[in-house]
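Engineer: Residue strings, one per chain:
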Amino acid sequence: NAGVTQTPKFQVLKTGQSMTLQCAQDMNHEYMSWYRQDPGMGLRLIHYSVGAGITDQGEVPNGYNVSRSTTEDFPLRLLSAAPSQTSVYFCASSYSRQGRGNIQYFGAGTRLSVL
Amino acid sequence: KQEVTQIPAALSVPEGENLVLNCSFTDSAIYNLQWFRQDPGKGLTSLLLIQSSQREQTSGRLNASLDKSSGRSTLYIAASQPGDSATYLCAVGSGAGSYQLTFGKGTKLSVIP
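Top to bottom, those sequences are chains X and A. Counting from 110, one number per residue, gives the positions in the first sequence under our numbering. Counting from 2, one number per residue, gives the positions in the second sequence under our numbering.
Warning: the hint list may mix true and false statements.
[Unchecked claim] EDC-like, lysine to aspartate or glutamate: derived pairs with alpha carbons at most 20 Å apart:
hint : chain 1 : residue 1 : chain 2 : residue 2
1    : A       : 106       : X       : 147
2    : A       : 106       : A       : 40
3    : A       : 109       : A       : 40
4    : X       : 118       : A       : 40
5    : A       : 43        : X       : 147
6    : A       : 2         : A       : 28
Calculated from the structure, these hints are not laboratory results. Keep in mind the model is a prediction, meaning the values are calculated, not measured.
Using the sequences and the hints given, assemble the complete structure.
Structural biologist: The following block contains the structure:
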């Protein structure tokens, strides 16, 4: 298993450009999520999905869109990039183990700079 | 709103020393608590997961405890090694199925040879 794969690893955008951060997992996990990590702020939840066709907002959803058409993929879209979206983005997936909670598996991250 | 605090923010110890990392949270209505390790420029690796009904979990030289009533967790690392140098993150699971994690800002550990 490759686990959770994020692409690209690095990206530089200009203000106002749009792009999609890709996330794919091959573990058949029903739950996937996106976090951003900023210095001094810790990781914050952007959006999450509990299964194909179901998404919901996390703590910091503004400026981001998601969709979940398949179990494997959970792309994060920036419609009009802003400098405030400069961050490291992590995708995570997890499954439910009966009575044992959810271990979350993280991708290696995408480092995004918006100029 | 759940808030997670980790103390200290940074810690430097000589190799071989036993150490404790602290994590506190404000809302005791949690499903679980996880400890993660993050190496520079890398993603997060789950170390230990403690369910709300459990008091502790152990994996090798690592032991994590949970006291829900006081809103505290500790990560104990025995006989520290230079390879343990990393940032350790505490995350509290809430929401249906405990999918949503609230993270602390982490403790950066340096183990000096």
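Engineer: If a hint holds in the structure, say so; if it does not, say that too.
Structural biologist: Hint check results:
| no. | hint | result |
| --- | --- | --- |
| 1 | 106/A / 147/X | holds, 10 Å |
| 2 | 106/A / 40/A | holds, 14 Å |
| 3 | 109/A / 40/A | holds, 10 Å |
| 4 | 118/X / 40/A | holds, 16 Å |
| 5 | 43/A / 147/X | holds, 14 Å |
| 6 | 2/A / 28/A | holds, 8 Å |
When the structure is compared with the earlier hints, no violation turns up for any of them.
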